[in-house]
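Chemist: Sequence:
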Amino acid sequence: MQVFPYILTRIGGGSLKNLTQVNTSQLLGCLEKLQALQEQKELAKQALCDTLLTYNKTLADSKAQNHIQNVRRDIFNNRPLKPAAIWQARQHLPASLAATLDSYLALVAGIQQAEENAGSVYQQVCTTIRLHLQQLATDENLQKGLVLSSQPLLQALTQYVQKNPGEFKKKEFQTEQSLLKYLTRMYTKTSPFSTFTSLAVSTLSQSASRAIQVGYSEGRSGQVVGHIRVNNQLFRYLKDLFAASREIYVHLRLRPNPTIAREAGQLVYLTNHQNVEAFQRIPNNAVLGLVLELMQQQPAGIRFSALVEQVCDYVDASEKAIEQYIRQLIGYGFVEFDLGVSGTDPDWDTKLIAELSYLQQQKVAYIDELLYALQEVRRLAGEYAFAAADKRQHLLSEAFKQFRGICMKLHEAAGLPEMERKTLEELQQALYLKRQEAEKLNKLPALEKQPSLLVAEREPVAQTSSEEIAFEHKSSTFFHFKAEQLFYEDATRELTIEYKAGTVKKFISALADLLQQLRLFQGMTDEREQMKQYFLQKYGAGNRISLLTFYEDFYRDIKRPEAQNQLQKRKETQKNTHLAEESSIPEKANPPTASTDKEDIPRQAQLKQWMQHMGAAFRNQAMTQKDQLEVSLGLLQQLNEQPLFQRNTKKESNSYGAFVQWYQEKDEAGEWQLKGVLNACFSGYGKMISRFLHVFPQEVTAATREWNRQLQGKDELFIENGDASYFNANLHPPLMPYEIRTPGGHTSLPIEKQLPVTEFDVCLDEEANELKLLHRPTGKRAYVFDLGFQGQGGRSPLFQLLDKFTKAQYLSVYPLLAAINKVTEKTQVTETHAGEKKIQVLPRIVYAESIILQRKAWIVSKEWLPFRQPGMSDWQYYAAIQTWRRAQEIPDEVYVKISSTRNTSEKEPEPGKKLGRDDYKPQYINFTDPLLVHLFEKLLGKVPESLKIEEMLPASHQVTQITNQPFVTECVVQWYDY
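All residue numbers for the sequence shown refer to the working numbering, where the first residue is 495 and numbers rise by one.
Hints were generated in silico from the structure; no laboratory data involved.
Backbone N, C-alpha and C define an ideal beta-carbon position, used for all residues, glycine too.
Among the clues, some could well be false.
As the list claims (entries may be wrong) - Here are the simulated EDC-like pairs of lysine to aspartate or glutamate, each with C-alpha atoms no more than 20 Å apart in a straight line: (1) Lys1208 to Glu1146; (2) Lys1026 to Glu988; (3) Lys1301 to Glu1200; (4) Lys999 to Glu1343; (5) Lys733 to Glu906; (6) Lys665 to Asp1209; (7) Lys845 to Asp734; (8) Lys976 to Glu1056; (9) Lys845 to Asp832; (10) Lys916 to Asp734; (11) Lys1332 to Glu1210; (12) Lys1247 to Glu1210; (13) Lys1144 to Asp1259; (14) Lys976 to Asp734; (15) Lys1266 to Glu1200; (16) Lys511 to Glu1445; (17) Lys1266 to Asp1020; (18) Lys1026 to Glu992; (19) Lys1247 to Glu1319; (20) Lys1000 to Asp1161.
As the list claims (entries may be wrong) - If you anchor each label on the Cβ, the simulated ranges turn out as follows: (21) Lys663 to His974: 57 to 63 Å; (22) Ala1449 to Ala995: 24 to 30 Å; (23) Glu1200 to Gly1435: 49 to 55 Å; (24) Pro1191 to Leu1129: 42 to 48 Å; (25) Glu920 to Phe662: 54 to 60 Å; (26) Asn658 to Ala859: 46 to 52 Å; (27) Asn1037 to Asn1173: 41 to 47 Å; (28) Ser970 to Ser812: 37 to 43 Å; (29) Glu931 to Gln818: 39 to 45 Å; (30) Arg740 to Thr917: 25 to 31 Å; (31) Phe880 to Gln668: 31 to 37 Å; (32) Asp841 to Phe880: 38 to 44 Å; (33) Leu1129 to Arg1203: 54 to 60 Å; (34) Arg1038 to Arg775: 19 to 25 Å.
Full structure from sequences and hints, please.
Modeler: In structure tokens form, the structure reads like this:
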């Protein structure tokens, strides 16, 4: 096992100290004093009530008894004491008891004064924090990020920072809430976007004196530098414009659909438009065959006009008729435009400039202006990267003006509808006027049934079978972009981070051993088994079937019926369950059987038995250790040695990766040791660093390619997967020796490295008892790799099928955590008098003493959340929150996450509390900060079922020090098993 020498470190956009800079110790001191007085009062109240009751029994005068009893009841029930009632009772009390009553009343007065003092300090602290927030709102990294993320908030902050906190009204408080969300995510989360998070490529060091060592470039001292890419959706839009403009498309290159095959007098092919796929069948004829033959003679592509001219040499038809015929073939996906530029290339705009030089030579109208606009956008992007926030606004506006201006000229020249050239504001105004007119005519209901002017036509995202009519490719040429959608930014921080090689190797070796013990739960196993069983039943073990034949049959017979069933059961299947089900094991799996032969029981039951055995091994530990549980390699090995769970232990070459939040601590000998929280595991091969490679030195990309190449066997082909997705997070350089060419797919490598999908067969690997992909021309086994960031749900069906023929392994620790949490759910839960579970405590789970697999967490049912009670002031609610969370032993700093995973029933937030897209993300909360407590309260109102509260780990004092300030960091580390 070798650790890849380059580690991507993601760094919070600012120092964590910015969130804790305001000292709240005086406020907390007031709270502690008040709590001490209240405890003293409870003791004094009990003693006084008992004494009054005893004394009252000695009196014979019923009137006197009533006076004393009335006061006693008010004291006992914490009701306000009336002076008249106290005076009347005092007349009948001995001096000693009257003195005791006076002491109690003084104590009550002291508490009232303490509450008033605390309330005053609370207001002072809130004002101080708001003044500090106003300073943070002017932070350059925040404002730079907001230029692309939230223009409305950026504009609102201009007024917010100028307003006296004592004069805040509803608008300022709303701005404050939004600002807090951005700042907390900027300082405590490491999800890269613009300057909210910065990146650094880190290395391993043999000589580092500490486990984590930070250095700085001379004169740079940790400066943040922006790296701008142009949104690849703009490239997609330009392609649609080109395809709609005759003056342009006649000069573009054409290539045949890479899947065309002859079948019983028909030409059969798979077409993909915006990742909608369908098999098309066109009756073969002489003209169609001629068009195909002429294109195949020029693998690099043939110009549209040249193809028309050559077809006219053989066919007795007008040039116009042939042109229309070819246009129709393009519409049905038989022929594809090829601009020679990949939609996954980070530098697609500069590559496009080079490709458009031919059109410039042909003096195509507006091409000079387009080239100038693209060059200007790139130049302005370069200035934008180093500009201050206010300058960025101007640069972005100018770049947008340049790009939209030339697009509108091309759009008009292509003869496209004038309505599509209107801005969003103009369309909204037109829609508003149309509604007003309709209201006057009492025709609003009829108008609402009409499609919105802002909605572009789109094909339904559904699989189209061979029995259904063919669909034609349709694209929208309406310019729907906003200025802030023009650029896509990543930021790097000018510093060097070194990790001590020996400590990293020790950490990763332990993690690698753990993951191998969990191979029983390897991702995609069920899908692969389903494909294998279908293959055996449909074709037989000894057959070798074309990949596209298998794809069409499998999706028609299996996947499409599955999708239809899932659509009917969408509500049921989308319900989340406990963390115990994050391992993808159904809660109601087949009941365990007594069989000890793993081949005799269904896989799901086998996995459930594994979890039950693992849970049983932790039952005693879970009952005695409430905060932290330890997992050992030996325990896992012992379980996996049982015949029921034995798996293939053959050592295989592969690459893996993980998200880890590392921190360093000294051991008893004074040596720095590396510890870390494991956030996620994934396949390696450069997948989770791919989109950031363009901002780092070229040697990082070169090393990734070389390490991947070394893993490729002599009888193997490593091929990058691809489809028609336009997704900015997929932008990356090619990392494999080959890439697959699919209909409408993006390709970046030279033509000889592009392997058409038609060149592959599917057959059974009898030795491994699994399906394999063979490259027909070379006879080599092919492995396909997904190296983009986009989730499977947004990928084409063919892409998803190809991904099952990967060498990459998807291993996870979730099954292990699920097994342990299932046990702790029964042993570490707070219950009500009715026995209903209210708060489940998930323990911290540690492996090999240094790897934190799970942070300690509290799953709180909605009914048990600390909502504000009627009449509570802000200060009183703040105090109540402190009491509540300390009773549950919840620390000061946490992350909270709204979850609907508590029960199987779906619940919606309260009216007016609709969940936003970001509400499901973990939100940092510091319970000592009054404004963050207020943010916490706002989140409570949106909880449908339960709230997950998770300890902050690494804690504030453990995070990495950069420029002598604490910064939250997360690393992307990879390793290779050769």
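Chemist: Compare the structure with each hint and give your call.
Modeler: The hints, checked one at a time:
no. : hint                           : result
1   : Lys1208 to Glu1146             : holds (15 Å)
2   : Lys1026 to Glu988              : violated (50 Å)
3   : Lys1301 to Glu1200             : holds (17 Å)
4   : Lys999 to Glu1343              : holds (15 Å)
5   : Lys733 to Glu906               : holds (15 Å)
6   : Lys665 to Asp1209              : violated (66 Å)
7   : Lys845 to Asp734               : holds (17 Å)
8   : Lys976 to Glu1056              : violated (38 Å)
9   : Lys845 to Asp832               : holds (13 Å)
10  : Lys916 to Asp734               : holds (18 Å)
11  : Lys1332 to Glu1210             : violated (54 Å)
12  : Lys1247 to Glu1210             : holds (14 Å)
13  : Lys1144 to Asp1259             : holds (16 Å)
14  : Lys976 to Asp734               : holds (18 Å)
15  : Lys1266 to Glu1200             : violated (24 Å)
16  : Lys511 to Glu1445              : holds (18 Å)
17  : Lys1266 to Asp1020             : holds (15 Å)
18  : Lys1026 to Glu992              : violated (46 Å)
19  : Lys1247 to Glu1319             : violated (53 Å)
20  : Lys1000 to Asp1161             : holds (15 Å)
21  : Lys663 to His974: 57 to 63 Å   : violated (35 Å)
22  : Ala1449 to Ala995: 24 to 30 Å  : holds (26 Å)
23  : Glu1200 to Gly1435: 49 to 55 Å : holds (53 Å)
24  : Pro1191 to Leu1129: 42 to 48 Å : holds (43 Å)
25  : Glu920 to Phe662: 54 to 60 Å   : violated (36 Å)
26  : Asn658 to Ala859: 46 to 52 Å   : violated (58 Å)
27  : Asn1037 to Asn1173: 41 to 47 Å : holds (44 Å)
28  : Ser970 to Ser812: 37 to 43 Å   : violated (31 Å)
29  : Glu931 to Gln818: 39 to 45 Å   : holds (40 Å)
30  : Arg740 to Thr917: 25 to 31 Å   : holds (26 Å)
31  : Phe880 to Gln668: 31 to 37 Å   : holds (33 Å)
32  : Asp841 to Phe880: 38 to 44 Å   : violated (19 Å)
33  : Leu1129 to Arg1203: 54 to 60 Å : violated (38 Å)
34  : Arg1038 to Arg775: 19 to 25 Å  : holds (23 Å)
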